[in-house]
Amino acid sequence: MTALLEVSGVTVSFDGFRAINNLTFSIGMAELRAIIGPNGAGKSTFMDIVTGKTKPDAGSVTFGERSVSLLKLTESEIARAGIGRKFQRPTVFEDQTVTENLTLALRAARSPWAVLAWRAKAADQTRIAALAAQVGLADHLPRKAGELSHGQKQWLEIAMLLAQEPRLLLVDEPAAGMTLAERERTTDLLVEIARTRAVVVVEHDMEFVRRLNCRVTVLHEGAVLAEGSLDHVTKNQDVIDVYLGRG
Amino acid sequence: MRLVLACLLTLICALPLRAETAADILTANAELVTKASRQTIGPVIDALAASGDPAAALVLEAWADKRLGLRKSDGGFVLLTPDADGYALRDLAGADAGRAAKSEITELKPNAGVRGLIATALVQFTLSDPDPARRRAALESIAKDPKPEALAPLRASIALETDPALFAQKQRLERLLTLRFDPSSAERIKAINSFGADLGLDLRGALNPLLATTRIAVAGDPPADSNIARPLKTGRDLTDTEAYDLLVAAKLAPARLTLEAQRTALVANLSGGAVGGIALADLNTQTARDRAYTALETAGAVPQAATDDEATAALAAHRFYDIYTEADPAVTTAATAALKSIGQKVAAMQAADLALDAMSLASIYFLAAIGLAITFGVMGVINMAHGEFITMGAYTGYVVQLYVPDYTASILIALPLAFAVTFAAGVTMERLVIRHLYKRPLETLLATFGISIALQQILKNVFGTQARPLTSPAWLDGALSLNDVVQVSYIRIAIFVLALLFLTFFLWLMKRTRLGLEVRAVTQNPTMAASMGINPDRINMLTFGLGSGIAGIAGVAIGLFAKVTSELGTDYIVQSFMTVVVGGVGNIWGALAGATMIGGFQKVIEFLNPSNTLAAQTYMILFIILFIQIRPRGIIALRGRAAGD
Amino acid sequence: MRKTFLTRSPSVLIFLSLLALFTLTITLASQGYGAGLVSTSFVKTLGKTLCLCLAALAMDLVWGYAGILSLGHMAFFALGGYMIGMWLMYARTEEIVVASLANGDLPATAQEIGQGIVTQIFGVVGASDLPLIWGAAHSLPLQLALVVALPGLLALVFGWLAFRSRVTGVYLSILTQAMTLALALYLFQNDSGLRGNNGLSGLQNLPYVTASQDVVTLWFFWASAAALGLTYLMLAWIVAGKFGSVIRAIRDDEARVRFLGYSVESYKLFLFTLTAILSAIAGALYYPQAGIINPAELAPIASIYLAVWVAIGGRGRLYGAVIGAAFVSLLSSWFTGGRAPSIPLGFGTLNWVDWWQVLLGLSFVAVTLFAPKGIGGLFDRLAHVRAPDRKGAPLGPDDGSLQEREATE
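One line per chain: the protein sequences are A, H and U, in this order.
FYI, this note's numbering numbers position 72 of the first sequence as 72, with every residue one higher than the one before it.
FYI, this note's numbering numbers position 283 of the second sequence as 283, with every residue one higher than the one before it.
FYI, this note's numbering numbers position 226 of the third sequence as 226, with every residue one higher than the one before it.
Hints may be right or wrong, so weigh each one.
Cross-link-like lysine-lysine pairs, in silico, DSS-like; alpha carbons within 27 Å at most [unchecked claim]:
id, chain 1, residue 1, chain 2, residue 2
1, H, Lys563, H, Lys460
2, A, Lys121, U, Lys242
3, H, Lys190, H, Lys340
4, U, Lys242, A, Lys53
5, A, Lys53, H, Lys439
Computed far set for chain U versus chain A, every beta-carbon distance over 10 Å [said to hold, decoys possible]:
id, residue
6, Ala29
7, Leu37
8, Ala91
9, Ser100
10, Val148
11, Leu161
12, Phe188
13, Asp214
14, Ala227
15, Leu230
16, Gly261
17, Phe270
18, Ser342
19, Leu345
20, Trp352
21, Val358
Hints in this document: simulated from the structure, not taken from any laboratory.
Just so we're clear, the structure is a prediction, and the values are computed from it rather than from any experiment.
We treat Cβ as the ideally placed atom computed from N, Cα and C, and that holds for glycine.
Can you make the complete structure from the sequences, with help from the hints?
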């Protein structure tokens, strides 16, 4: 299986502090992967690097069959290349309706001229309706996103990600602030999505990770500490030390 | 002529003094004196000057003032003091000699040339006058308008000089006159070389005339005795038109036909609606007019004008030179060399002067921006009314001076008072407006702009539109001058010192006091600071008040050298923002670096393009826009969490 | 069933009909073509106000919709005025010079006419050659193209530099202000080629037109109204579509828009340039009515006023910009024109010419603090639109995002 995303030897430091230290990571074309690690392990920085928000001091990040380097691309170019990102806190456009939010995310040409000429076709409307239905927002299409509940915003954001049709999805703590039932639905949805594309889930909650039932990468001090099934890594002595404190 | 006179003077001065009184000399030369002319009277005046008679000065002065007369009755010379109906008379020694009616006296009225000679002769007396002030005045008048005639009396007076300062001054002036007027080239070159790379403006003023040139055009080789500065090449050193004009002026070529002359000629030869066979209506292009004129030339109706080909040929047949008016090449070479070495030193000094200028401009920008660096940099509050706070400070100074006439005292009162006034204004503004707009920088910008226009108009209504005086104490007038190139006015030094004081004060406040600690805490993490028992509201209020108060003090300082109008602050607001942005937000060193860079850059552009300070500002702003491309966060950028990204 | 653009935005139709009605009324009451109830100078004021409304529309698009507080749009406005002014002045001078040379003994050559024009126009700044930038001044089409091209190009270059280095928020505001100042200072020089602080004058005289000022004024009034109507229609169409959605998203949270794959910089550049061009067109219509343009028109304060109008009218709604600009500028000319009655107070007289600025400044602070929706908020009240309850949180993390009180539910 060829890798979709290859991160190798990446190092980044802020004012002398090494947030990421010679990190190497790869993920396949259709794979679900969980990344866990204590606070300050570099999980967010890792996602910042992949999505282009932070430029690393050293190392390479390549994406896709033709191994395009992501380091020279801007955030928007990386997004167009097929990497979607869901933030920890739901970030939807609160002044706009659910339909408008989904329309923004819908896969289509992104240049100003193209957007100016863009008109919703029947297929687009069907697609928006389907996406909204998939996340249970079918009845809320004309409402402003700002009025939705926290959980609904999370769902809306996930629907927006799906509308982008990314090949790689980076999801930061998707279950935060969700009810138990919503968590289960989220898990199912993520597993479902991962059948056709790569999904990286950053998560604190071990129970959630266990339900995802996938390979786990443990980050610590900006580097990979262990990788494998959840059972495998939880038996790893280093991981136990890090999580339970050195002692 | 002058040279001859100078020679004569030197010669006569060298003669042994004859024990004759002024009266004797005048009487002996009565014929010459009464019909004095510039050409003939020289020896008499010189004899008077050399007589050693103390009355000679008196006589010469009276003569120049048209107060010397001839008594018709005995032909004796008398000094006149005109009054209502005649003259009060004194003899040549100054003693009273009775009165005389107008008709009894022949007034001597020397012409301007003679008066000039007398004045030169008098110089010798004033140069040796017992009163040092008069000697100094005489020296200064010679230095202001150097004449060859002054050289001899000056030389004569040096030996007699007792005052050391005047002695040095006389010596220097003697060298300066020697290098210009001494008949011996060797002496002049020696004088030139005696100065080395002296920076005095007087030296450059004396050297430059030696190198004055005139432009000549010659058909063959230049005259053998001419001192050629450089040969000129048309196209490189002078344009073809200039060169041809030289030829015309030297009558070496006929004048060219100007468009105006052509027009007049055509109009004059207009007959039957056509000129030279070309219809009047067709003369609306230059080529048609040229053809018409050529036709007239062929017909002999107008004089031949030089054609382009002839002009080119004339230019090719002649050579052009810059010729020194000074005939001796050795002198011009020495002067050139001296000016060159002076030029190098002047350039170095100018660089130093520029640096000082830049530094003082930087301290003004720093003073204006330091308050902003606090409110905008530390608190993230953009205060468009900052400029009006500066204005308020300046007006506070003006009002204080209305009540306290002593300038030193009034400035000392105005500084803290301006701080108090603008501190209060700042705190009021923070309480009423800005507090409600934290985290909304764009709204803050617009709201404070509203305050800015309101304040500006209020100030205009109260103080009027004309500039108000804010006078600096007398001890701040004048300039510290290191030499003729480098000068710094005391007021700029004072502002520089003030800027330094504020830098120190700010550093002390932020790093060494409880308030500074709390300010830093609130800036970095207001929530955490609040949970530590710090009241962020109070800290924000104080910080804003502090920033505004410093603006007031800056206003007093700026008001001392700028015009105090209600628009004073507006002139500084954009520069101040630029200073903070270029330097890097949230850091006093950033404001310092920004001010230094902007001040320096502006001075350098002004130096390169001195005629145009407006362009300097344009270029500076363009430069800043480009600079932000390279360092978007300013020179001294905070990274990581403190940068707030 | 899809709703058409106009039925979705009823305000556009209302606005356009009101504008048409207004134009018709003024025309019928004018001295040029109507009953003579309204003086020509007042028609001029109204025409100029329409141009200011047009500039305010541009400002609203760039600030109200996209959150870019540009303090440089009046510079583009003035540049547009300069570009049209160059043709007006050149052509008018040419007309005069040709007429005066026609009385000469010989028919004038092209050089003589050219020299005459240069002497007439540039005598005041002591120049004897036609500056390079006047190269196209003889041609109306070229100069009209420059009205759009020069400010557009300047905005493109400046915007590219600024947005590329991700200058946002107040930094961008200050930078645009600096740009305006730089341009103004440049134009103040005598050797800028645009007559330094003399500026261009006599622009109200259309060359080769014999109609009276009463009539010419109405032509410009119509042109301004038409430009305003067309621009309103175009901008309403732009903001109603997906493009409007994108730029509002950029206003509230530009980082998120980037992660959706939109090149935020391109959008900002597009908007900045488009609105600069619109401002320039507004300026090109304004200055022939004003008659004179000089570098003082580029003072940074003018651009801030533009923002003030939009804010007072209510940003983020097109009619708000128009109302704000019309209301404040008309009120301003009423107060500063000395027509407002002075108020006698016990200790003195409140003279509005002196105190209007103070009132304007303070009312602006009040609007910012207490009524961020501006005058547009009144319409919301009439339509029973309420602000959402967001516990004081704005709609997005960015500096330009809407505040809770500006949003509608």
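For each hint, the structure was consulted:
1. Lys563/H to Lys460/H: holds, 14 Å
2. Lys121/A to Lys242/U: holds, 12 Å
3. Lys190/H to Lys340/H: This hinted pair holds, its Cα atoms lying about 17 Å apart.
4. Lys242/U to Lys53/A: holds, 25 Å
5. Lys53/A to Lys439/H: holds, 23 Å
6. Ala29: Non-interface label stands for Ala29/U: nearest chain A Cβ at 40 Å, farther than 10 Å.
7. Leu37: Holds, since 43 Å exceeds 10 Å.
8. Ala91: holds, 36 Å
9. Ser100: Consistent with the label, Ser100/U stays out of reach of chain A, its closest Cβ about 51 Å off (over 10 Å).
10. Val148: Nearest chain A Cβ is 18 Å from Val148/U, so the label holds.
11. Leu161: Leu161/U is indeed farther than 10 Å from all Cβ atoms of chain A, at 16 Å.
12. Phe188: Given a closest Cβ separation of 36 Å, the condition holds.
13. Asp214: holds, 41 Å
14. Ala227: Correct as stated: the minimum Cβ-Cβ distance to chain A is 20 Å, above 10 Å.
15. Leu230: Leu230/U is indeed farther than 10 Å from all Cβ atoms of chain A, at 17 Å.
16. Gly261: It is violated; Gly261/U is separated from chain A by about 4 Å at its closest Cβ, not greater than 10 Å.
17. Phe270: Non-interface label fails for Phe270/U: nearest chain A Cβ at 4 Å, not farther than 10 Å.
18. Ser342: holds, 45 Å
19. Leu345: holds, 46 Å
20. Trp352: holds, 39 Å
21. Val358: holds, 35 Å
When each numbered hint is compared with the structure, violations occur for hints 16 and 17.
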